[in-house]
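Colleague: With the hints as extra help, turn the sequences into a complete structure.
Residues per chain are reported as follows:
Protein chains: 2
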Amino acid sequence: MPEWMLKPWRTLSRRLVLDGGKYLKVEYHAIELPDGQVIEDWPWAITPDYVNVLAETVDGRYLCFRQTKYAVEGSSLAVVGGYIEAGEAPLTAAQRELREETGYESSAWTSLGTYRVDANRGMGVAHFFLARDAHRVAERSADDLEEQELLLVTRAELAAALARGEFKVLAWAAIVALACAVGE
Amino acid sequence: MPEWMLKPWRTLSRRLVLDGGKYLKVEYHAIELPDGQVIEDWPWAITPDYVNVLAETVDGRYLCFRQTKYAVEGSSLAVVGGYIEAGEAPLTAAQRELREETGYESSAWTSLGTYRVDANRGMGVAHFFLARDAHRVAERSADDLEEQELLLVTRAELAAALARGEFKVLAWAAIVALACAVGE
Numbered sequence: 004m005p006e007w008m009l010k011p012w013r014t015l016s017r018r019l020v021l022d023g024g025k026y027l028k029v030e031y032h033a034i035e036l037p038d039g040q041v042i043e044d045w046p047w048a049i050t051p052d053y054v055n056v057l058a059e060t061v062d063g064r065y066l067c068f069r070q071t072k073y074a075v076e077g078s079s080l081a082v083v084g085g086y087i088e089a090g091e092a093p094l095t096a097a098q099r100e101l102r103e104e105t106g107y108e109s110s111a112w113t114s115l116g117t118y119r120v121d122a123n124r125g126m127g128v129a130h131f132f133l134a135r136d137a138h139r140v141a142e143r144s145a146d147d148l149e150e151q152e153l154l155l156v157t158r159a160e161l162a163a164a165l166a167r168g169e170f171k172v173l174a175w176a177a178i179v180a181l182a183c184a185v186g187e
Numbered sequence: 004m005p006e007w008m009l010k011p012w013r014t015l016s017r018r019l020v021l022d023g024g025k026y027l028k029v030e031y032h033a034i035e036l037p038d039g040q041v042i043e044d045w046p047w048a049i050t051p052d053y054v055n056v057l058a059e060t061v062d063g064r065y066l067c068f069r070q071t072k073y074a075v076e077g078s079s080l081a082v083v084g085g086y087i088e089a090g091e092a093p094l095t096a097a098q099r100e101l102r103e104e105t106g107y108e109s110s111a112w113t114s115l116g117t118y119r120v121d122a123n124r125g126m127g128v129a130h131f132f133l134a135r136d137a138h139r140v141a142e143r144s145a146d147d148l149e150e151q152e153l154l155l156v157t158r159a160e161l162a163a164a165l166a167r168g169e170f171k172v173l174a175w176a177a178i179v180a181l182a183c184a185v186g187e
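Protein chains in written order, with the working numbering: chain S, 4 to 187; chain R, 4 to 187.
No false leads were mixed into what you were given.
When chains are identical, the list treats them as one kind, so a pair holds in a single copy or across two.
Calculated lysine to aspartate or glutamate pairs in the EDC-like style (CA-CA distance at most 20 Å, straight line):
1. Lys28 - Glu43
2. Lys25 - Glu43
3. Lys72 - Asp44
4. Lys72 - Asp52
5. Lys28 - Asp44
6. Lys10 - Glu35
7. Lys72 - Glu35
8. Lys25 - Glu88
Hints were generated in silico from the structure; no laboratory data involved.
Because the structure is a prediction, the values reported are computed rather than measured.
Modeller: Take a look at the structure:
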C-alpha cells in the first residue's frame, strides 16, 4: 500500500470541555474519516510534553531513582524526567532536569526519539535522551513532591531490573529498553 | 533509604468532573502527601487498559503495520494492540487482538511486562506480550477504523526501524525495544 493511501483523519472542529489547569485539559473534536464518516465528540487529552533522561556516569553507572508516584503501586525504579516548560526546547529541559534532580551534567547528549504518548487521545509527547559521560557538578536541588532515592547501577543491573519489571511506568521502561536496544 | 520510607500519597476523596464515555473520564482527587499537606483537585484520567503484542512468525518475521492514527503525524509503524474489554484477562485480549488484526495465532506467549501509562494522571495500564511461533489460521478481520497495512519484517529491519524512530507511539516503541532488550 503506497504511503498516499494512508489517509489521516481530519479535525473539523474542537471545543474545550474541561480545563484542569496546566496539567490536564480535555477537548472534544469532531473528526472526518477518510470515507467521509464524521465522529462527533472524540475525547482529546492535552497534557504537557515531557522529557526523560537516562544518564550514564563517566565510570559506566546509570543514574536511577527509587521513588513513589501517585499512579503507581508501591515504589518503582525511575529515571530523570519532568515536564517541558513553556517555550523551552526539549534538550534544554532534559539538561535542566538532569542537573536539578541529580546534580550531574553531561556534554554527550543523544536523542533516543520522540514519541506520542497516546495514539488516540494525545496526552502530549515524550522526548527521550541518553546523557553519557555524566559527572557531578552540584548538590541535588530536586523540588519534586515525591521522595526520591538516587541510585547508581551497572548496565547489567539496569537490564536485569528492566526484565524484572521494576520500571513500572511506561516511559521509564521505554527509555531504558531503548537505551539497551539501540543506545549503543 | 529503606522501602518503608517511600510513603505513597493517599487519596482522600474523588469526584467525577468529565464523563467522555468509555474512552475517557476525568476525576479530581484530593490527595494527602506524606508530610500532611493536602492537594485539592489533582486531575486523574481514566482510560481503558490496553494490550500490545509483538508477534514473531515461525520463520522469524515480526508482524507490524504501517498505519495512521489520529494523534500521530503522517504514518507510523505499529504493532498489534487494542483495548481490553470489560472482564477480559490481558492475555485473552492479546490473543483476540492478534487473531482479529492479523489472522495469526501463537501458542508461545511471554509477558513483556505491565506498565502504568502516566505516573501522575493514570491513563490506564499497558500489558505487553511477545507471541512466538505465530502462524496464520484465518483471514484478517480487523474492524479498526484506521487503514492498516500488514508487514512481515526481519529482526534486523525491526531494530533498524526502531532506531530510526519509525515507531512513533510510546507503547509501540516500548514493546519493540523491550523485545530487543529483554525478549530473547
